[in-house]
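Asks: Sequence:
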Amino acid sequence: MAQMRRLSVVVPPGMKEGQPMDVSTPDGIMEVVIPRGMSEGMRFHFQMPVEPVEPVAAHRSVPQFDYNTMGEWKRYQGGINAWKAGSACGCLNDVRSCCLGCCFPCVLYAENADLLQSGEHAEKFPDAAMFRCPGQFIACLSHLGPFGLGYCLSACLCPEYTCCGCYTTSMVKMTMLKYHLEFPVPCGGAECLLGGSACLCSAFFVPCCMLCLVHRELKLREQKPEQV
1 MAQMRRLSVV VPPGMKEGQP MDVSTPDGIM EVVIPRGMSE GMRFHFQMPV
51 EPVEPVAAHR SVPQFDYNTM GEWKRYQGGI NAWKAGSACG CLNDVRSCCL
101 GCCFPCVLYA ENADLLQSGE HAEKFPDAAM FRCPGQFIAC LSHLGPFGLG
151 YCLSACLCPE YTCCGCYTTS MVKMTMLKYH LEFPVPCGGA ECLLGGSACL
201 CSAFFVPCCM LCLVHRELKL REQKPEQV
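Quick note: the sequence shown, position 139, residue 139 per the working numbering, numbers continuous.
Note that these hints are calculated values from the structure, not bench results. Quick caveat: nothing in here was measured; it's all calculated off a predicted structure. No incorrect hints appear here.
Straight-line alpha carbon distances no greater than 30 Å define the calculated DSSO-like cross-link-like pairs of lysine-lysine that follow:
| no. | residue 1 | residue 2 |
| --- | --- | --- |
| 1 | 84 | 124 |
| 2 | 219 | 84 |
| 3 | 74 | 219 |
| 4 | 124 | 74 |
| 5 | 124 | 219 |
| 6 | 74 | 84 |
Kindly produce the complete structure, drawing on both the sequences and the hints.
Replies: The structure is reproduced here in structure tokens:
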């Protein structure tokens with residue numbers, strides 16, 4: 001049953017009962033017949049149907065990014081999609097990647113680079129080459145030098161290569177941008193600063209776990225079911 005709204009109006013001069021008159025309502029002009037017994041200057045009430053309002057479904061817009069711009073992942077602030085691989089605490093869900101991430105992370109970095117440059121938007125991620133052997137060598141140089149000199153120089157010149165969380169953060173954000181992912185659990189978007197460059201706390205404290213998380217995510221999204 002339609003809902004009704006009760007309004008009132010005064011009979012204008014020169015009009016009487018039984019005559020139609022135009023009344024301005026919140027929904028526009030409505031024609032109303034002056035009821036019996038009403039005359040000029042008298043107020044009467046009438047009802048008008050209320051139009052039902054369709055509920056508006058909640059909608060979260062997907063952020064748009066220029067994939068043609070190298071380094072766009074550095075400015076990525078998180079998306080709306082959940083990680084299929086779960087959280088960084090699920091390393092044992094994939095024993096192989098867990099072992100590689102802990103014992104031979106260089107292998108896992110290279111495999112992740114290959115997966116980043118395959119499938120959806122593959123050609124838009126030339127930066128993923130930084131995780132292959134030459135890029136890993138540059139990252140290792142940040143360990144060199146007395147009194148943390150290597151870290152200081154790397155943080156100032158190429159922070160995304162710095163081997164104390166920033167290098168892994170680069171891979172995490174690149175993966176997030178590719179699939180519009182939200183920040184991963186458990187630390188979310190919490191960051192620590194290194195030489196003016198923001199690194200994810202999770203990548204700083206548990207880089208192996210984050211490396212394994214990225215590998216599981218890329219495998220789930222890019223490999224065929226029989227390959228996973």
